[in-house]
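Which chain is which? The protein sequence lines are A and B, in order.
Numbering that gives the first Met the number 0 puts the last residue of the first sequence at 197; the count rises by one with no breaks.
Numbering that gives the first Met the number 0 puts the last residue of the second sequence at 200; the count rises by one with no breaks.
There could be a bad hint or two in this list.
Unchecked claim - Cβ-to-Cβ under 8 Å is the rule here; a few derived chain B residues that face chain A: (1) Pro64; (2) Lys66; (3) Val70; (4) Thr78; (5) Thr81; (6) Leu85; (7) Gln88.
No lab work stands behind these hints, which were simulated from the structure alone.
Note that CB positions come from ideal geometry on N, CA and C, so glycine has one too.
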Amino acid sequence: MRELIKMIVVLTIISLASGGLLAALREGTQERIDNQVLEFVKGPAVRKVFEGAANDPIASRFQLKDGDTLRNFFVAVFDGEVKGLALESSSSKGYKGDIGLIVAIDVKADKLMGVGVTTHNETPGLGAKSKSDPKFAAQFKGVPGSGPVKVTQDGGSINAISGATITSRAVCDAVTDALGVYEKLKPQILDKMKDVKK
Amino acid sequence: MAKTITQEFTKGLWAEIPPFRLVLGLCPILAITNAFENAVGMGLAVTFVLTGSNVLISAIRKIIPPKVRIVAFIVVIATFVTVVELVMQAYTYALFLKLGIYIPLIVVNCIPMGRAEAFASKNNIVRSALDGLGMGLGYTLSLMALAAFREIIATGAITLYETPVALFGAAFEPFRFLVEAPGAFVCLGLMLGIMNILGKK
Numbered sequence: 000m001r002e003l004i005k006m007i008v009v010l011t012i013i014s015l016a017s018g019g020l021l022a023a024l025r026e027g028t029q030e031r032i033d034n035q036v037l038e039f040v041k042g043p044a045v046r047k048v049f050e051g052a053a054n055d056p057i058a059s060r061f062q063l064k065d066g067d068t069l070r071n072f073f074v075a076v077f078d079g080e081v082k083g084l085a086l087e088s089s090s091s092k093g094y095k096g097d098i099g100l101i102v103a104i105d106v107k108a109d110k111l112m113g114v115g116v117t118t119h120n121e122t123p124g125l126g127a128k129s130k131s132d133p134k135f136a137a138q139f140k141g142v143p144g145s146g147p148v149k150v151t152q153d154g155g156s157i158n159a160i161s162g163a164t165i166t167s168r169a170v171c172d173a174v175t176d177a178l179g180v181y182e183k184l185k186p187q188i189l190d191k192m193k194d195v196k197k
Numbered sequence: 000m001a002k003t004i005t006q007e008f009t010k011g012l013w014a015e016i017p018p019f020r021l022v023l024g025l026c027p028i029l030a031i032t033n034a035f036e037n038a039v040g041m042g043l044a045v046t047f048v049l050t051g052s053n054v055l056i057s058a059i060r061k062i063i064p065p066k067v068r069i070v071a072f073i074v075v076i077a078t079f080v081t082v083v084e085l086v087m088q089a090y091t092y093a094l095f096l097k098l099g100i101y102i103p104l105i106v107v108n109c110i111p112m113g114r115a116e117a118f119a120s121k122n123n124i125v126r127s128a129l130d131g132l133g134m135g136l137g138y139t140l141s142l143m144a145l146a147a148f149r150e151i152i153a154t155g156a157i158t159l160y161e162t163p164v165a166l167f168g169a170a171f172e173p174f175r176f177l178v179e180a181p182g183a184f185v186c187l188g189l190m191l192g193i194m195n196i197l198g199k200k
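Please build the complete structure, drawing on both the sequences and the hints.
Given below as structure tokens:
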């Protein structure tokens, strides 16, 4: 009996110490890690959809509350005009789990500026083309910002990647979601964008 | 026969060098030695975990009940590994992306577990620290040797501080096979063979 109690006490103390240490460390590094993820995972996608921007869209970002979730918005300046807005979106309807996207919107023309896939687990050579094939992503450029974005099979304007209709649909879903968020938060977004330096 | 304190440290560098003499921790050795920089990062991560866990386990070895010692060791090792993982994410994210899954897998790497069970739980703190440091550096050196060999033959260059340094002239024909997974097995086999020949008395 004494041995049993000793085992429980010792293991509890070790686990508590370990848990406390890790929680403190996580707290301390959280901000830096978030910044690193922005820089290395989302950064390249954001810079790509805003190719030729006059500013660094990663540096000029702001956050807004959408319900309970805090969302990141990236702002790009073109020809002295603050007009590019990128936001993160995701769809859980990918062929193998979640697909993460960066969706860029031209707020002056209310059109899509571009779409970039950031994270996915899709099949290499098929669904993975949503990230690697520039032709697929290029189709989103200039699509009107109103109404849902769909693949041609569903009556939309986006040609699905052959062999990867599910992935293509998921990407369209995520884009539609992003547009929905944009519509919903539009007044606040435009307000915030005024503060961005040209 | 008791070893001197210096021997506790140096045994990990040659006589008991982990991957080649103890033949432990082979999974990451095969997976991440396709680039020299990955090997350095992984080696230092393992060294940190090994030294840290050895010291801590040695310090608390008298209060750990024998029946649950393995569980206690795993908690300690996993804590150090998570520390490495968080610090890497925060400060060297590019390296973290390359090493990815192999960092958390240090927990089940046999070397920290093996040293905890075979050494740290029976020896004092100073000896355990030196043992961990020696074993860790030995592991790092093995990873570096293997990675340098594979990278140089497969690409004709070695990447230091993210800039490739070409070692051969333009006529060099890269032997890509060595950075692929099968190449890892072949190289490891050759290394083990060389170590056995050298170690023969």
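Here is how each hint holds up against the structure:
| no. | hint | in the structure |
| --- | --- | --- |
| 1 | Pro64 | holds, 5 Å |
| 2 | Lys66 | holds, 6 Å |
| 3 | Val70 | holds, 6 Å |
| 4 | Thr78 | holds, 4 Å |
| 5 | Thr81 | holds, 5 Å |
| 6 | Leu85 | holds, 5 Å |
| 7 | Gln88 | holds, 5 Å |
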